[in-house]
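K.L.:
Here's the letter readout for the chains.
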Amino acid sequence: MAGIDPQPLSHQALPPTPRPGFARGLSGAAVLAALALASAAAPLMADGATIRRIDADPVVAALLDGRGSLSFALLAGVLGGVIGVGWAVAANLLAGLVGDRVERRMMRGATRLAGLPLALLVPLAGGLSGSVGLLALATAFAAAPAVATLAHAELDALMRAEFLTAARAAGLPEHEVLRRHLIPNALRPLLAAGMLALPRALAAESFASLLGLGLPPALGSWGASVGLAARLGDPLALAPPALLLALALWAACAIADAGVAGPASRIGKP
Amino acid sequence: MPRSVLRRLIDAVPTAFLPMAAGVGLAAALGPDAADAALGLARGLVVTLLLILPALAIGTALGALAGAWAALAPRSAGGLFGRLLAGAGPLLPGFLLAAVAALAVRAGASPAPLGWTVLAIPAACQAARLSRPAMGRALGPGPEGGAVRMARGLGLDERAVLRHHALPQAVAPVMGGLRVAVLAAMTGAVALESLLDLPGAGALMIDAARAGSAAGAVPALIALGGLTALLAALGLAVRDWIDPANRSSTPYEGA
Chain P
1 MAGIDPQPLS HQALPPTPRP GFARGLSGAA VLAALALASA AAPLMADGAT IRRIDADPVV
61 AALLDGRGSL SFALLAGVLG GVIGVGWAVA ANLLAGLVGD RVERRMMRGA TRLAGLPLAL
121 LVPLAGGLSG SVGLLALATA FAAAPAVATL AHAELDALMR AEFLTAARAA GLPEHEVLRR
181 HLIPNALRPL LAAGMLALPR ALAAESFASL LGLGLPPALG SWGASVGLAA RLGDPLALAP
241 PALLLALALW AACAIADAGV AGPASRIGKP
Chain A
1001 MPRSVLRRLI DAVPTAFLPM AAGVGLAAAL GPDAADAALG LARGLVVTLL LILPALAIGT
1061 ALGALAGAWA ALAPRSAGGL FGRLLAGAGP LLPGFLLAAV AALAVRAGAS PAPLGWTVLA
1121 IPAACQAARL SRPAMGRALG PGPEGGAVRM ARGLGLDERA VLRHHALPQA VAPVMGGLRV
1181 AVLAAMTGAV ALESLLDLPG AGALMIDAAR AGSAAGAVPA LIALGGLTAL LAALGLAVRD
1241 WIDPANRSST PYEGA
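Top to bottom, those sequences are chains P and A.
The opening position of the first sequence corresponds to residue 1 in our numbering, with each subsequent residue numbered one higher.
The opening position of the second sequence corresponds to residue 1001 in our numbering, with each subsequent residue numbered one higher.
Worth flagging that the hints you see were computed from the coordinates, not collected in a lab.
Any given hint could be a false lead.
[What the hints assert, rightly or not] From the derived model, a few chain P residues whose C-beta atoms are all more than 12 Å from chain A:
| # | residue |
| --- | --- |
| 1 | Met106 |
| 2 | Leu137 |
| 3 | Ala169 |
| 4 | His181 |
[Stated by the list, open to error] Simulated coverage check for chain P against chain A, where a stretch passes if three residues somewhere in it have a Cβ under 8 Å from a Cβ of chain A:
| # | segment |
| --- | --- |
| 5 | 36-43 |
| 6 | 60-66 |
| 7 | 97-105 |
| 8 | 150-164 |
| 9 | 207-220 |
Just so you know, even glycine gets a beta-carbon here, dropped at the ideal spot from N, CA and C.
The following block holds chain P by itself, in its conformation from the complex:
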């Protein structure tokens, strides 16, 4: 009976499909981790006296600036991601409690806000208040509507997934559907949507700092260094922070793109 396939057709293993953008996301994560490590180790490359001096090595100075830019982007990105995902989850919860109209209004507001130049709020907040906390809040608010729109689309697709209908049809109580199917399957798409805030936060902070209205000089920022070098007309001082900023933005975008492309392709598979 050598010719008989031992496995039934329904259990045939499908060939593994490559996740779109996975390799790019992995390279992005590696580049961002390398930049963060190099920035953290930068004080070891320069003795304390030369760190803030004008004649310090431009590469070391750019790596030192990376500490401020990356830490602030992480803080504001996490805040923006939480606000955006919270916005989408709140809209979905309110749809169940109050009705679809509230959900539609909340999401229409997010879509409209995502189309406005909210990044301009960041230099405005920096100029009018000068507080890092308010700057982080403004940066998070600038990133949140786009995150909310994407998170809502992911949740919407998940709510219509066939396995949820099947679980309900099988008579599973609603809290069990929530615990066993909805929450585990919602976590990754929501995390992926939240990651979208990181490149936006980094770009918004760098834009504000480039105009001299971002992070205070003591914290250091790639944008501030680029802006100063552009005003002074010094290409040697401009190149290292500009290249590191471009690399960090590419890496953050690659991670966000891979996160968004990955979980969306898995929706419908419990």
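Given the coordinates of chain P, work out where chain A should sit on it, guided by the hints.
P.N.:
Below, chain A without anything else, positioned relative to chain P:
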């Protein structure tokens, strides 16, 4: 003017023209000299528009063509350029290019063509990113390739098929997604105006923010929001105009 363009512009009145008028009105109400403040902001909006609109138009057109070419002939020089543009978007934010342009202007380069080029590059990257897969779908075996297959089946020559059927399908999503390019161009224009001391609305807002004057910065911010909405609405109007779905025999309900 086609009816779809007119309809989009009428739709844009509350989201685009009203904020611009409100910004100018607020500047007049809050500024120390009402007429000067309102005129300054209105003039600034015109400067910003003149900076962004040509750059956006040229960048989007070139990027859309390069992206479509990348789907058609990926290994040709034009295809490689399109692929390069499509992949380089996140590496080239408008404000960073504006800093490089400011450096070049200080070294003696002419500001106007350089400014337009700098603002056109992110728009070209975004357009190439959107048009490449759209062209692939238009030429592919899927349902979106139906028009091209039918045109070839009816015996149209390849140039006419590409020009009249494939290219509009590749360009329509670019115009629909112009909002992202407009946002990138807006931040780039604000940075460029501020770094090169151009008399645009963005520079007015940044100068007021530096001086800690909310009365000077907020009206400019509102007006710039209106200008962004106007440019995005123009993109949608052009999309409605060139989208083949609007010229089909099936009634089209709009996006």
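K.L.:
Now tell me, hint by hint, if it's right for this structure.
P.N.:
Okay, the hints, checked on the actual structure:
With 12 Å as the threshold on Cβ separation, the claim that Met106/P sits away from chain A holds: the shortest Cβ distance comes to roughly 18 Å. The claim that Leu137/P is not at the interface with chain A holds, since no C-beta of that chain comes within 12 Å of its own (minimum 16 Å). The Cβ of Ala169/P sits about 31 Å from the closest Cβ of chain A, beyond the 12 Å cut-off, so the non-interface label holds. Distance check for His181/P against chain A: the nearest CB is about 31 Å away, which clears 12 Å, and the non-interface claim stands.
Given a C-beta distance limit of less than 8 Å, the hint that chain A covers the segment 36-43 of chain P is violated, as 0 residues qualify and 3 are needed. Check on the segment 60-66 of chain P: 0 of its residues sit with their Cβ under 8 Å from a Cβ of chain A, so the three-residue criterion for coverage is violated. Restraint check on the segment 97-105 of chain P versus chain A: 0 residues with Cβ-Cβ distances below 8 Å, three needed, restraint violated. Against chain A, the segment 150-164 of chain P contributes 0 residues with a C-beta closer than 8 Å to a partner C-beta. That does not satisfy the three-residue criterion, and the hint is violated.
Remark: the segment 207-220 of chain P is confirmed as covered by chain A, as 5 of its residues place a Cβ nearer than 8 Å to a Cβ of that chain, reaching the required three.
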